[in-house]
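Peer 1: From first to last, the protein sequence lines are chains A and B. When we follow our numbering, the leftmost residue of the first sequence carries the number 1, and every step to the right adds one. When we follow our numbering, the leftmost residue of the second sequence carries the number 1, and every step to the right adds one.
Treat the hints with caution; some may be incorrect.
A pair counts as met if it fits within one copy or between any two copies, since identical chains are not told apart.
EDC-like cross-link-like pairs, simulated, lysine to aspartate or glutamate; straight-line CA separation at most 16 Å [unchecked claim]: (1) 140 to 118; (2) 336 to 388; (3) 285 to 310; (4) 15 to 51; (5) 335 to 314; (6) 219 to 197; (7) 15 to 48; (8) 336 to 310; (9) 190 to 388; (10) 336 to 383; (11) 15 to 55; (12) 335 to 383; (13) 240 to 216; (14) 62 to 85; (15) 335 to 309; (16) 257 to 310; (17) 268 to 327; (18) 62 to 139; (19) 321 to 359.
Calculated directly from the structure, the hints in this document are not laboratory data.
The lines below spell out each chain.
There are 2 protein chains.
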Amino acid sequence: MLIVKKFGGTSVANKERIFNVARRCIEEYQRGNDVVIVLSAMGKSTDELIEMARDINPSPSKREMDMLVTTGEQVSVSLMAMAMDFMRIPAVSLNAFQVAMHTTHRYGNAKLKRIDTDRIRNELEQRKIVIITGFQGVDKFDNVTTLGRGGSDTTAVALAAALHADACEIFTDVDGVYTADPRYVKNARKLDCITYDEMLELATLGAGVLHNRSVEMAKKYGVQLVVRSSLNNNEGTVVKEGANMEKMLVSGVAVDKNAARIAVIGLKDEPGIAFHLFNALASKKINIDIILQSVGRDGTKDISFTVEEDEADEAIAVLQKNFPRSEYKAINMDKKVAKLSIVGAGMQTHSGVAATMFEALYDAGVNIRMISTSEIRVTVLIDEDNADKALRSVHDKFSLGD
Amino acid sequence: MLIVKKFGGTSVANKERIFNVARRCIEEYQRGNDVVIVLSAMGKSTDELIEMARDINPSPSKREMDMLVTTGEQVSVSLMAMAMDFMRIPAVSLNAFQVAMHTTHRYGNAKLKRIDTDRIRNELEQRKIVIITGFQGVDKFDNVTTLGRGGSDTTAVALAAALHADACEIFTDVDGVYTADPRYVKNARKLDCITYDEMLELATLGAGVLHNRSVEMAKKYGVQLVVRSSLNNNEGTVVKEGANMEKMLVSGVAVDKNAARIAVIGLKDEPGIAFHLFNALASKKINIDIILQSVGRDGTKDISFTVEEDEADEAIAVLQKNFPRSEYKAINMDKKVAKLSIVGAGMQTHSGVAATMFEALYDAGVNIRMISTSEIRVTVLIDEDNADKALRSVHDKFSLGD
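Using the sequences plus the hints, can you model the full thing?
Peer 2: Here it is as structure tokens:
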């Protein structure tokens with residue numbers, strides 16, 4: 001079997017942890033498997049490099065920033081190879097040039113285009129453990145690029161796809177994917193299995209275990225993911241295609257408190273108003289989530305939407321700049337809101353799921369401010385103060401706990 | 001004009017110094033010149049990386065060590081590009097892959113084979129300052145290599161040769177090459193000009209300003225070097241071919257206290273003894289400097305030689321292992337010795353230089369233990385305690401001071 005294993009920065013933050021990861025990978029190797037490891041930079045080292053850069057230049061060029069921060073993973077992979085060598089296991093580290101890991105030209109947020117596998121296969125054939133820098137790539141002009149948030153997960157999934165790996169294990173600090181955040185819901189249960197689509201909805205909703213980009217890639221190339229803890233040998237959660245799986249009605253409940261609601265009240269009811277509004281926001285790269293439009297009684301309409309909390313002020317500024325004061329009655333904003341979502345592939349064929357969720361919220365005395373749905377998700381916007389009790393109520397209503 | 005400038009680790013050790021170097025290079029750029037900069041890793045950062053490695057593995061593989069330490073120069077060059085960008089000057093950093101800097105396969109001590117200049121020329125044509133990682137290269141299998149001691153100087157000279165640069169400036173913490181070490185000889189004088197051969201002899205003798213490998217390469221490709229201070233704008237010392245220069249009788253005096261003398265007494269006077277002895281030492285990569293053989297009165301011979309002080313004990317062990325105790329009468333060692341050398345291209349055509357040196361030593365009451373000469377150098381081995389007064393006496397005798 002060929003196994004790709006990805007470890008984040010906390011898993012390699014010091015000597016002891018590096019040896020823990022090394023031991024774990026060597027066990028896999030000694031079972032006769034081929035092992036490819038993807039590593040992030042050690043602990044806070046990327047943050048330290050960024051700080052050094054900002055001290056020199058408050059707005060450094062993205063090209064040079066990528067050149068700088070990619071040294072972090074190169075340090076991790078070489079130290080890991082030394083640790084394995086110390087344990088008498090042949091290992092070799094490879095950076096993005098050596099692999100080679102081809103990406104688009106966009107610094108700081110490049111997309112993987114193609115991975116050469118010759119070098120990796122060659123090293124594996126010599127029975128070496130191959131240790132690869134996550135997060136980084138090289139564009140067609142040999143410039144160093146980085147993949148942006150969740151980059152190392154993406155590297156791991158892309159490698160697993162390119163190498164036709166039998167498994168891609170993403171190691172993290174939790175045991176897997178839970179029915180709800182175990183920090184807030186005591187009886188939250190670890191899921192053995194979840195579909196790509198469910199994982200995507202949960203990732204987008206801030207479950208924080210996997211970045212949606214890596215899940216999308218895993219889905220596209222049919223790479224079976226395992227999310228598991230780097231601290232123990234528990235089984236973890238398998239993320240794979242749903243065809244052969246029991247489709248759970250609801251597999252998880254997620255809360256995202258990093259949301260703000262903006263309402264533009266009393267807009268003239270003319271064609272193109274919505275386009276005009278969201279185009280202005282898009283041009284500033286402000287991400288919009290839920291949108292709700294209602295018609296007012298006096299021939300005007302109200303448009304409400306949610307944005308990430310830290311983009312809310314900029315969104316307001318964009319609106320004030322793009323709309324003459326005469327075009328609307330008022331703009332208001334509420335940062336004390338949270339999004340609560342239920343996700344489950346089974347919703348596609350079962351009705352009444354949304355109604356059950358609303359009942360749970362009613363039971364808990366929680367008012368719903370906005371509603372949004374997809375095929376396998378129902379999201380409501382509620383007051384942030386109600387988020388925790390709403391989460392527990394919904395989790396219990398669907399009997400998700402242990 | 002195209003100028004290559006090399007700055008060592010202390011010159012880029014912190015933000016302030018990075019900006020000093022940036023300003024200096026920008027002045028050159030603004031005079032209309034093309035500027036290529038070669039940088040070492042910041043301050044003690046290479047030592048810190050080595051320490052991290054040894055903490056993981058006391059004898060790390062050289063391949064992984066090169067992979068690790070080369071991150072240091074990549075940090076320097078990217079931060080320098082950010083500093084220039086902050087000063088609104090277009091700059092780009094390039095690592096060994098990006099250049100590309102082709103070397104042999106020998107990790108930790110690779111030799112430069114070929115430098116591609118397309119990318120550099122392309123960036124220069126766009127009027128960018130090009131900032132290149134010193135010390136590092138890439139072998140034909142895309143492994144990262146380092147050039148060993150004096151590596152960044154070698155990178156700079158090789159780049160100057162490949163780019164047909166008009167000058168190659170090596171910035172250091174002294175004003176140039178002196179007639180003697182100014183820390184010990186108060187009236188030591190800075191030389192305006194010195195030949196490659198003189199510089200080579202001085203470099204080998206531990207003058208410490210330039211590594212001999214870079215001087216050899218400069219001589220081979222006719223690259224004119226300038227050794228100057230990164231702390232001021234003084235002219236520095238030009239190192240170039242001697243044809244058009246006034247050949248100084250003696251251009252400098254150097255002392256090397258890192259020497260030990262080993263004597264093997266009463267060896268049988270048979271053919272092959274010297275070969276046997278030095279072959280054994282060479283196989284352990286122990287560098288021999290001065291060799292002296294004398295015939296004893298009883299049909300035996302004595303062989304004395306000098307080695308670097310920290311290799312002396314190993315040399316003794318090698319000898320004891322390779323020669324049965326019956327083959328010699330005694331082995332003795334003296335670590336309290338120093339080599340004192342005068343260097344000058346003018347010696348080739350002037351006689352009496354050695355005699356003048358010996359007179360100076362006699363004046364100072366210094367006994368000579370061994371003598372060795374080359375075409376442009378005379379070296380004597382003396383007691384280490386006498387080194388400083390011998391240095392001053394010889395320096396004065398040749399009127400080298402201000």
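Peer 1: State for each hint whether it applies.
Peer 2: These are the hints, each one checked on the structure:
1. For the homomeric pair residue 140 and residue 118, the shortest alpha-carbon distance between copies (15 Å) is at most 16 Å, but the shortest distance inside one copy (18 Å) is not.
2. In this assembly of identical chains, residue 336 and residue 388 lie within 16 Å of each other by CA distance solely inside one copy; the values are 13 Å within and 77 Å between copies.
3. For the homomeric pair residue 285 and residue 310, the shortest alpha-carbon distance inside one copy (13 Å) is at most 16 Å, but the shortest distance between copies (63 Å) is not.
4. Proximity of residue 15 to residue 51 under the C-alpha cut-off of 16 Å is restricted to the inter-copy arrangement: shortest distance 12 Å between copies versus 23 Å within a copy.
5. Proximity of residue 335 and residue 314 under a CA criterion of 16 Å is satisfied intra-copy only: 13 Å inside one chain copy versus 73 Å between copies.
6. In this homomeric assembly, residue 219 and residue 197 come within 16 Å of each other (Cα to Cα) only inside a single copy, at 8 Å, whereas the closest approach across copies is 66 Å.
7. In this assembly of identical chains, the alpha carbons of residue 15 and residue 48 lie at most 16 Å apart only when taken from different copies (14 Å versus 18 Å within one copy).
8. Only within a single protomer do residue 336 and residue 310 lie at most 16 Å apart by alpha-carbon distance; the minimum there is 12 Å, versus 69 Å between protomers.
9. In this homomeric assembly, residue 190 and residue 388 never come within 16 Å of each other (Cα to Cα): the closest approach is 19 Å inside a single copy and 76 Å across copies.
10. Taking CA atoms no more than 16 Å apart as the test, residue 336 paired with residue 383 passes inside one copy only; the shortest distance there is 6 Å, against 82 Å between copies.
11. In this assembly of identical chains, the alpha carbons of residue 15 and residue 55 lie at most 16 Å apart only when taken from different copies (8 Å versus 28 Å within one copy).
12. Taking the closest pair of Cα atoms, residue 335 and residue 383 come within 16 Å of each other only inside a single copy of the chain (9 Å); across copies the shortest separation is 81 Å, beyond that limit.
13. When the C-alpha separation of residue 240 and residue 216 is checked against a cutoff of 16 Å, the pair qualifies only within one copy, where the shortest distance is 11 Å, while the shortest distance between copies is 61 Å.
14. Proximity of residue 62 to residue 85 under the C-alpha cut-off of 16 Å is restricted to the inter-copy arrangement: shortest distance 11 Å between copies versus 35 Å within a copy.
15. Proximity of residue 335 to residue 309 under the C-alpha cut-off of 16 Å is restricted to the intra-copy arrangement: shortest distance 6 Å within a copy versus 71 Å between copies.
16. In this assembly of identical chains, the alpha carbons of residue 257 and residue 310 lie at most 16 Å apart only when taken from the same copy (11 Å versus 64 Å across copies).
17. Taking the closest pair of Cα atoms, residue 268 and residue 327 come within 16 Å of each other only inside a single copy of the chain (6 Å); across copies the shortest separation is 110 Å, beyond that limit.
18. Proximity of residue 62 to residue 139 under the C-alpha cut-off of 16 Å is restricted to the intra-copy arrangement: shortest distance 14 Å within a copy versus 28 Å between copies.
19. In this assembly of identical chains, residue 321 and residue 359 lie within 16 Å of each other by CA distance neither inside one copy nor across copies; the values are 41 Å within and 89 Å between.
Of the numbered hints given earlier, the model fails hints 9 and 19; all others are met.
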